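Here's the letter readout for the chains.
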Amino acid sequence: MTSRKLCLIVALFPFAILLQAQDFDLSLRVYPSTWYNGYFEPGTDGGGLVLAWHPKLDDRTRFIVSGEFGVLKTRNECYAGLGFTRIILAGNHITLSGGAGLLNGFGLYRPKLLYAGGAEAYMRFDYRIGKKASLFALIGARYTLCPGYRKYGVWRYSSWPVGIGMEL
Amino acid sequence: MDKFGLKITLMSRLFFFLFPFSFFLAACSYLPEEQAIPDVISIYEYRDYIEINPTSNRYSKTGLVFYPGGLVDPHAYIEPLSYLAIAGKGHKVVIVKMPGNLALLDANRGAWIYDDFPDVRQWVIAGHSLGGVMACSTVEKNPDYFEGIILMASYPQSSTDLSGWNGSVLSLRGQFDGLVDSLTVASCETRLPVPCHINRREDFPTDTFPKTVYFTIPGGNHSQFGNYGTQQGDGVATISRQEQYAEVSSLILKFLIINKWEYDK
Numbered sequence: 063m064t065s066r067k068l069c070l071i072v073a074l075f076p077f078a079i080l081l082q083a084q085d086f087d088l089s090l091r092v093y094p095s096t097w098y099n100g101y102f103e104p105g106t107d108g109g110g111l112v113l114a115w116h117p118k119l120d121d122r123t124r125f126i127v128s129g130e131f132g133v134l135k136t137r138n139e140c141y142a143g144l145g146f147t148r149i150i151l152a153g154n155h156i157t158l159s160g161g162a163g164l165l166n167g168f169g170l171y172r173p174k175l176l177y178a179g180g181a182e183a184y185m186r187f188d189y190r191i192g193k194k195a196s197l198f199a200l201i202g203a204r205y206t207l208c209p210g211y212r213k214y215g216v217w218r219y220s221s222w223p224v225g226i227g228m229e230l
Numbered sequence: 002m003d004k005f006g007l008k009i010t011l012m013s014r015l016f017f018f019l020f021p022f023s024f025f026l027a028a029c030s031y032l033p034e035e036q037a038i039p040d041v042i043s044i045y046e047y048r049d050y051i052e053i054n055p056t057s058n059r060y061s062k063t064g065l066v067f068y069p070g071g072l073v074d075p076h077a078y079i080e081p082l083s084y085l086a087i088a089g090k091g092h093k094v095v096i097v098k099m100p101g102n103l104a105l106l107d108a109n110r111g112a113w114i115y116d117d118f119p120d121v122r123q124w125v126i127a128g129h130s131l132g133g134v135m136a137c138s139t140v141e142k143n144p145d146y147f148e149g150i151i152l153m154a155s156y157p158q159s160s161t162d163l164s165g166w167n168g169s170v171l172s173l174r175g176q177f178d179g180l181v182d183s184l185t186v187a188s189c190e191t192r193l194p195v196p197c198h199i200n201r202r203e204d205f206p207t208d209t210f211p212k213t214v215y216f217t218i219p220g221g222n223h224s225q226f227g228n229y230g231t232q233q234g235d236g237v238a239t240i241s242r243q244e245q246y247a248e249v250s251s252l253i254l255k256f257l258i259i260n261k262w263e264y265d266k
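In order, the protein sequences belong to chains A and B. Heads up: the first sequence begins at 63 in this note's numbering, then just goes up one per residue. Heads up: the second sequence begins at 2 in this note's numbering, then just goes up one per residue.
Looking at chain B on its own, in the form it has when it is part of the complex:
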């Protein structure tokens, strides 16, 4: 074998070992950090989803189906979403497990939720980051399945147009989000129902149908929508994780109440 052939062979062998290595590193998911889960909720673990209920088993007839962020373990959302599970009249929350922790690989997974939970009358779909992108895609494909969308540091992708959708959207973003900037969120406003920006919780509109309510959580960041540490590239939050969870769950509760979705089972 001449020198050139030897070089090619060595390079190809090197590539053969390095390519999978770099690919595997890029495919790693964030594990949850230590969680403080209230003992007034029950958690049921299934192959396809995690179900969270108030222990009393009394909850509102509106359930929340949630898509985790890309490459974030779904268990990292149990603690933040447990705040919502026990807020107000209580809520059933279903965290969908995605193949490889990428909602992109099964964007329509939330649409079968009706069959498994006949006691929930209506559903709101929520998603963090990539999960929110794919939640919008799920609603576009199944516009009658969901009453509302909650986007956490997220926005619809360019191929999704929900501007004519007859539902309500709540779009939340942390002030120090280093991964999803406000300009990107603003540039996607035309693909969601009529925008309504609020700066204070007290300014929440009395009717959000069909509107998109935008709110920036003061001091919040991207990673604190879940419980998986600080994501690479994210900004530094000036509020604690628990403060961000409480703020998010109270805003979601307000969103449910204003839309009259908060009623007894």
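Here chain A stands alone, though its shape is the one from the complex:
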């Protein structure tokens, strides 16, 4: 097998999983912010890529398990998230829901990873484009911290995440 074919298969694996799986979504988020470490200063903290699995608990409520890779000003970080969303309004093609979750993970540093955690709440607007697929946009509030980084620099961020994504 040529290395190019191997690379292609490797690159397609995650998509293959998404296609087999149900109730997955992938979103890209940016984190505009007004406050960090106790200081008011509008700016952008960074962004993140979030892969979430959300099985239905009932007709209106879904449980969320997510994984996030984030890029901030002084670090890369990864989070595992647990939360829920609840449908507030539902139409033929559109759905408005609200959600909240807790984040636990790591600031990616060496020689040791530093614990990072936080919480977020958001409103999500879905537009259905197929039987199961939908495009969505979200906006919310988020607070994250990395206590081990306190002795170096900015360790607390509060931001207003804005994101777009696709659900399969």
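What the hints contain is simulated information worked out from the structure, not anything from laboratory work. Only a predicted model underlies this, so the values are computations on that prediction, with no experimental measurement involved. It is possible that some hints are incorrect.
As the list claims (entries may be wrong) - Rough simulated footprint, nothing fancy, chain B against chain A, three-plus residues with beta-carbon under 8 angstroms:
#1 102 to 108
#2 126 to 138
#3 208 to 221
Claimed, not checked - Residues from chain B shown here face chain A by an in silico Cβ test under 7 angstroms; the list is partial:
#4 Leu7
#5 Cys29
#6 Glu46
#7 His76
#8 Pro100
Said to hold, decoys possible - Pairwise CB distance ranges, derived in the manner of DEER restraints:
#9 A/Leu88 with B/Thr207: 35 to 43 angstroms
#10 B/Leu11 with A/Leu230: 56 to 64 angstroms
#11 B/Met12 with A/Ala162: 29 to 37 angstroms
#12 A/Asn99 with B/Val41: 21 to 29 angstroms
#13 B/Gly165 with A/Asp85: 51 to 59 angstroms
Beta carbons are placed, not taken as given, at the ideal position from N, Cα and C, and that holds for glycine.
Add chain B to chain A, keeping to what the hints say.
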């Protein structure tokens, strides 16, 4: 599900868990080690940069904007750059924070520095390793914004051509740098202003405009331009970290004086 299908499913699941793990490991940044920061400097921490001033608040009108090396925490450069902050007439030093500690992701970030520091008349841009690569890129895009470039174990990337740039460059490299070899630096000479190699500090040219002065720090290595331990693959330095900081800051000071950028606020 047949055996082949089961294998594919298992492999894909395994990949699903291992790929992020290896990716996360590769995305880890070096944290700073314990620092001995002189108490005659003031450090201000902002979301986008770290500002270092002499505590007296008296400094030369030439400031230094600095891009950290790839995947190195910007705080790892506070101690080495504090030597420069208090050298000569004193200098304002601004260490730019890069997204994910990769200057590659925001190469033009140093160009907005004018707006935030109106009391600094002119700027020299410096960078370590990947930071130096992107500093060259910033100058190529904004040739009038900076008077000089200081490269620490670095060189311009192949798409950057500063050979016609009307400024001065100081290129420093540790003798035992295990990550940036002298041949790579030499191969990039054509993309910088006229080369001028010196072996001793005393041989520093009296006029560096527009030239690239190359100097190899005896006994130095790649990691000791910052304070983050020894980077994987680097050589072993035969001088201490503090000796390398002192050597680097005295060479930079000489570079500023020779170019007549060292004057009072």
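Going down the list of hints, with the structure as the test:
Note: the region 102 to 108 of chain A has 4 residues with beta-carbon separation from chain B under 8 angstroms; the three-residue rule is met and the coverage holds. Counting residues of the region 126 to 138 of chain A whose C-beta lies closer than 8 angstroms to any C-beta of chain B gives 8; at least three are required, and the coverage claim holds. Three residues within the 8 angstroms Cβ limit are the bar, and the region 208 to 221 of chain A against chain B gives 3, so the coverage statement holds. For B/Leu7, the shortest C-beta to C-beta distance to chain A is roughly 13 angstroms, which exceeds 7 angstroms, and the interface hint is violated.
The beta carbon of B/Cys29 comes within 4 angstroms of a beta carbon in chain A, closer than 7 angstroms, and the hint placing it at the interface holds. For B/Glu46, the shortest C-beta to C-beta distance to chain A is roughly 5 angstroms, which falls under 7 angstroms, so the interface hint holds. With a least beta-carbon distance of about 5 angstroms to chain A, the hint placing B/His76 at the interface is held under the 7 angstroms criterion. With 7 angstroms as the threshold, the beta carbon of B/Pro100 comes within range of chain A, its nearest partner Cβ sitting at about 5 angstroms, so the hint holds.
A C-beta distance of roughly 60 angstroms is found between A/Leu88 and B/Thr207, which places it outside the suggested range of 35 to 43 angstroms. Distance hint check: the CB atoms of B/Leu11 and A/Leu230 are about 22 angstroms apart, inconsistent with the given range 56 to 64 angstroms. Checked against the given bound of 29 to 37 angstroms, the beta carbons of B/Met12 and A/Ala162, roughly 36 angstroms apart, stay inside it. Here the CB-CB span from A/Asn99 to B/Val41 is close to 25 angstroms, well matched to the stated 21 to 29 angstroms.
Between B/Gly165 and A/Asp85 the C-beta distance comes to about 57 angstroms, which sits within the given range of 51 to 59 angstroms.
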